[in-house]
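Undergrad: If you want the building blocks of each chain, they are given just below.
There are 2 protein chains.
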Amino acid sequence: MTNDAALAGLTALLKRAHVLATVGELLGWDEQVNLPPGGADQRAAQQAALAEAQHAAGSDPRLGELLGALEGQREKLTTDQRAIVANARRDYDRATRLPADFVQAKAAQGSRGYHAWARAKAADDFAGYAPVLEKNLEFAKREAGYLGRGGAPYDYMLDRHDPGLTAATVERLFDELKRDLVPLVREIAGSATAGRAREAAAKLKGFPVAGQREFLREVTSKIGFDYTRGRIDVSLHPFCSGTGGDVRMTTRFNEDAPLDALFSSIHETGHGLYEQGLPVEHLGTALGIHAGMAMHESQSRLWENQVARSRGFWRFFEPRFRGVFPAQTAAIPSDELYLAINAVEPTLIRVEADEVTYNLHIVLRFELEKKLFSGELAVRDLPAAWRAASRDLLGLEAPNDREGVLQDVHWSDGSFGYFPSYCLGNMLGAQLWYRALELRPGLEDDFARGDFSWLLGWLRENVHAQGRRFSALELIQRVTGAELSPRHLVRYLRERYGTLYRA
Amino acid sequence: MTNDAALAGLTALLKRAHVLATVGELLGWDEQVNLPPGGADQRAAQQAALAEAQHAAGSDPRLGELLGALEGQREKLTTDQRAIVANARRDYDRATRLPADFVQAKAAQGSRGYHAWARAKAADDFAGYAPVLEKNLEFAKREAGYLGRGGAPYDYMLDRHDPGLTAATVERLFDELKRDLVPLVREIAGSATAGRAREAAAKLKGFPVAGQREFLREVTSKIGFDYTRGRIDVSLHPFCSGTGGDVRMTTRFNEDAPLDALFSSIHETGHGLYEQGLPVEHLGTALGIHAGMAMHESQSRLWENQVARSRGFWRFFEPRFRGVFPAQTAAIPSDELYLAINAVEPTLIRVEADEVTYNLHIVLRFELEKKLFSGELAVRDLPAAWRAASRDLLGLEAPNDREGVLQDVHWSDGSFGYFPSYCLGNMLGAQLWYRALELRPGLEDDFARGDFSWLLGWLRENVHAQGRRFSALELIQRVTGAELSPRHLVRYLRERYGTLYRA
Chain A
1 MTNDAALAGL TALLKRAHVL ATVGELLGWD EQVNLPPGGA DQRAAQQAAL
51 AEAQHAAGSD PRLGELLGAL EGQREKLTTD QRAIVANARR DYDRATRLPA
101 DFVQAKAAQG SRGYHAWARA KAADDFAGYA PVLEKNLEFA KREAGYLGRG
151 GAPYDYMLDR HDPGLTAATV ERLFDELKRD LVPLVREIAG SATAGRAREA
201 AAKLKGFPVA GQREFLREVT SKIGFDYTRG RIDVSLHPFC SGTGGDVRMT
251 TRFNEDAPLD ALFSSIHETG HGLYEQGLPV EHLGTALGIH AGMAMHESQS
301 RLWENQVARS RGFWRFFEPR FRGVFPAQTA AIPSDELYLA INAVEPTLIR
351 VEADEVTYNL HIVLRFELEK KLFSGELAVR DLPAAWRAAS RDLLGLEAPN
401 DREGVLQDVH WSDGSFGYFP SYCLGNMLGA QLWYRALELR PGLEDDFARG
451 DFSWLLGWLR ENVHAQGRRF SALELIQRVT GAELSPRHLV RYLRERYGTL
501 YRA
Chain B
1 MTNDAALAGL TALLKRAHVL ATVGELLGWD EQVNLPPGGA DQRAAQQAAL
51 AEAQHAAGSD PRLGELLGAL EGQREKLTTD QRAIVANARR DYDRATRLPA
101 DFVQAKAAQG SRGYHAWARA KAADDFAGYA PVLEKNLEFA KREAGYLGRG
151 GAPYDYMLDR HDPGLTAATV ERLFDELKRD LVPLVREIAG SATAGRAREA
201 AAKLKGFPVA GQREFLREVT SKIGFDYTRG RIDVSLHPFC SGTGGDVRMT
251 TRFNEDAPLD ALFSSIHETG HGLYEQGLPV EHLGTALGIH AGMAMHESQS
301 RLWENQVARS RGFWRFFEPR FRGVFPAQTA AIPSDELYLA INAVEPTLIR
351 VEADEVTYNL HIVLRFELEK KLFSGELAVR DLPAAWRAAS RDLLGLEAPN
401 DREGVLQDVH WSDGSFGYFP SYCLGNMLGA QLWYRALELR PGLEDDFARG
451 DFSWLLGWLR ENVHAQGRRF SALELIQRVT GAELSPRHLV RYLRERYGTL
501 YRA
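Protein chains in written order, with my numbering: chain A, 1 to 503; chain B, 1 to 503.
Calculated directly from the structure, the hints in this document are not laboratory data.
Be aware that a few hints might be false.
Which stretches of chain A does chain B cover? Using the computed rule of at least three CB atoms under 8 angstroms from a CB of chain B, they are [claimed, not checked]:
hint, region
1, 21-27
2, 35-43
3, 223-232
Here are the simulated DSSO-like pairs of lysine-lysine, each with C-alpha atoms no more than 30 angstroms apart in a straight line [unchecked claim]:
hint, chain 1, residue 1, chain 2, residue 2
4, A, Lys76, A, Lys15
5, A, Lys15, B, Lys106
6, B, Lys371, B, Lys141
7, A, Lys205, A, Lys222
8, B, Lys15, A, Lys106
9, B, Lys76, B, Lys15
10, B, Lys222, B, Lys203
11, A, Lys135, A, Lys106
12, B, Lys15, A, Lys15
In silico contact screen, one side only, chain B against chain A (beta carbon under 7 angstroms); selected entries [said to hold, decoys possible]:
hint, residue
13, Leu20
14, Pro36
15, Gly38
16, Gly39
17, Gln42
18, Ala45
19, Gln46
20, Thr228
21, Gly230
22, Gly244
23, Gly245
Note that the structure is predicted; figures quoted are calculated from it, not measured.
Each residue gets a CB set at the ideal place from its N, CA and C atoms; glycine is no exception.
For reference, chain A alone in the conformation it holds in the complex:
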């Protein structure tokens, strides 16, 4: 068989598996957005049947044969073809090397773990949760072993979400970030302006949902989300799912916190633009999938923060916002509205954190995860370690474990290694932002005219259209000409908040 024939065969099989995966994703979306409670059992059965079909498609022996043949001819492949083969190998190994009984036992443990966590959180009972965490760590290490990464199980966990990422890299980046960010947070949070910003945000009350919906629809369309290739609905927790021509975002509305739905929608729009920007003809292969969760997060954060909290953005949208909500905004001067948009307040809870302190919540989790995997930290000592780290990093100490180590769902089903991508996304986003500004210094003037096309076009070409040809770290180097560094994020936070809060 020629390489071209082998690649065509491989691509067809990959696309088949991918299409089934998109069905599973749609079922997941529907579960959050539409499913009546009585449909829960049937939905579980549907997901199980689909997982079986997906697994059969992803572990098809023909995939293994074609991969073997192509890997034997690696030197004759183009860069794109190598990327396709490498990514397919990664998925194929994961589909075939985990014994079926292990996969089942892990799924059952994940489900038990979730319920144990929910109980433990409600009862503020870490001791009742500790055995679950120990078991989850054990499962994670065994899984890494099956994939040949038994010697570096935490690296394996990171790599699952961001191909090629290692704990050593994350540690180096986070140490540098921490050094600058901890004093910056102290400085900002302690300023008199921080108090004024929080008061301004608290004054935004009584914004009807219909108006919020109209305004966020205008904003997200203007930014570039294509509603002929996607939609937005309501769910308990905002998320974005789907790809290509059918990208589905969700949000949630609170009449007394209109900026929440707006900024969460802009965040999801960033994810959605990435998915809409992948080349549809390559969906299912490395050329048609995002470059990992960190790069994904960079897109959501860049639009949410660098773009939508900028002066230029609000020069265009403030009159429109006031137009939709004349009564609610009449007594709020322009500078106060902008302060509300950029309110910063250290909090114990990650999901409530502002964009400055959010990063420290992630650093905290990374450091503890890493030590759990290396054995430096025992599960039973986790609550004390959490409190100590929270004091050091955030200057806050939780009065209980519910608002401390028990706050996140992630570890309950074994999702280790995911947290870092949130903060790496902020770093990547800031670095992309300054590169874009170098190329087009008048970017904020574009925004002030309601024109986001240059920025979107540049991201489309340099990030979205690249698919997974490169890892996030390779891609940022190619696009910006420099290695990933936290200094761009620190610069951005300093410029935005340092300036604003001294003003």
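Got chain A; can you put chain B on it based on the hints?
TA: Showing chain B alone in chain A's frame:
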């Protein structure tokens, strides 16, 4: 293997195939309700991948082995077990006896046929559509041949939707119906009251969608639709899909025709109650599926017509309707509203027909379909035959084929044999209605108190919970003690419209 073990194995395989079918149904619902236009290609790929998985599950050789074993022990099976085996055999033969290239060619022809029909209808060009119809007939006959029904292809078409139904039975029933109904329609449509009823209906204008939504939600809940196990959304054409704990209905709103969304929702609620009433533990086998499309239609028609057009029903709901729409209904006296609800007007278009004349539209289609299959009628002579039948049955003649033979989509993708179930459903519904009235003469007094529980309970027990143990004709005999007859439908139409229109 014992019969119990074989049945357990069979049931597990059937449930697996059924669960995949429910995923396909959900994708279909989502396509009508949510899909952005850009997602059409991906949706087609998803349905194709799912159809492949479904076909693999439905043609699993283990199914054939288990069926063979159980059929060899038929005399030792209970009635329920025989029903399970017979229904599984029907599906298995259909999944395995049609050659793959035939299935593909037929699907492609169906898709081409749909587009050819849409073009021909727009251009009023029957000649351009005729070759498609000829090809579709040929495919239908070949399909019947593969399933061993080559000698009676139209019986096979009917049986696909209603197990056990034959053209001879339908013909006998329809001939009898026609004899009584044609003069009744002339009598009703020509009366002075008919004109008043149409004027009353035309006066209902300016009913905001939000109010319509609220009112139909109240009505459908009160009737018994369980919204913790289902939902209602908006689509271009109303339909009901899903089963068990997740039943999804749709409707569409017109501010100037508030009764349309209301009655179409009650119609879909009838379908939905049937699906919600199937025993969930048996979903996937004959004990957990409806008894065919005619019986399904009987449920939608019974709630839509016998129940929701009754005096008792409106004694309860009229004050509520006026409460939601005080301004819109102020000038409409009670008897006029009731006339509007029961307006009758012969029309050329089936989907716009009232419940009296609707049946004649079906008789017309059945008679032509039957002759097309027997060869008595050539496709090229269809337009003339349609016009003649329309004149005889409805007293109307279409000025063109667009409003005549080209009006329906069904034949364009080869869906022959489906039309009769609409009219058989009306007959079954009326016969069930009079049996219910015999058992509980005060049924309309229940409705006047807003109590629909006796009727729903009786249908649950006697129809819904029976699944497909019996064919529709067997089931109606068991429930009412008599063979299916059109005289109950004629009696009902005479009682409702004869009385009302003479008043």
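Undergrad: Would you mind marking each hint as holding or not holding in the structure?
TA: These are the hints, each one checked on the structure:
1. 21-27: n = 4 at 8 angstroms, threshold three: holds.
2. 35-43: Held - the region 35-43 of chain A has 9 residues with a Cβ nearer than 8 angstroms to chain B, which meets the minimum of three.
3. 223-232: holds (count 6)
4. A/Lys76 with A/Lys15: 23 angstroms, holds
5. A/Lys15 with B/Lys106: 24 angstroms, holds
6. B/Lys371 with B/Lys141: 14 angstroms, holds
7. A/Lys205 with A/Lys222: 25 angstroms, holds
8. B/Lys15 with A/Lys106: Within the cut-off at roughly 25 angstroms; holds.
9. B/Lys76 with B/Lys15: Measuring from Cα to Cα gives roughly 23 angstroms; hence the hint holds.
10. B/Lys222 with B/Lys203: 27 angstroms, holds
11. A/Lys135 with A/Lys106: Within the cut-off at roughly 10 angstroms; holds.
12. B/Lys15 with A/Lys15: 27 angstroms, holds
13. Leu20: 5 angstroms, holds
14. Pro36: 6 angstroms, holds
15. Gly38: This hint holds: B/Gly38 lies near chain A, its Cβ roughly 3 angstroms from the closest one there, short of 7 angstroms.
16. Gly39: 3 angstroms, holds
17. Gln42: 5 angstroms, holds
18. Ala45: Hint on B/Ala45: holds, closest Cβ of chain A at ~5 angstroms, below 7 angstroms.
19. Gln46: Holds, about 5 angstroms.
20. Thr228: 5 angstroms, holds
21. Gly230: Constraint on B/Gly230 satisfied, holds at 6 angstroms.
22. Gly244: 6 angstroms, holds
23. Gly245: At about 3 angstroms, which falls below the 7 angstroms cut-off, the nearest Cβ of chain A leaves the hint on B/Gly245 intact, so it holds.
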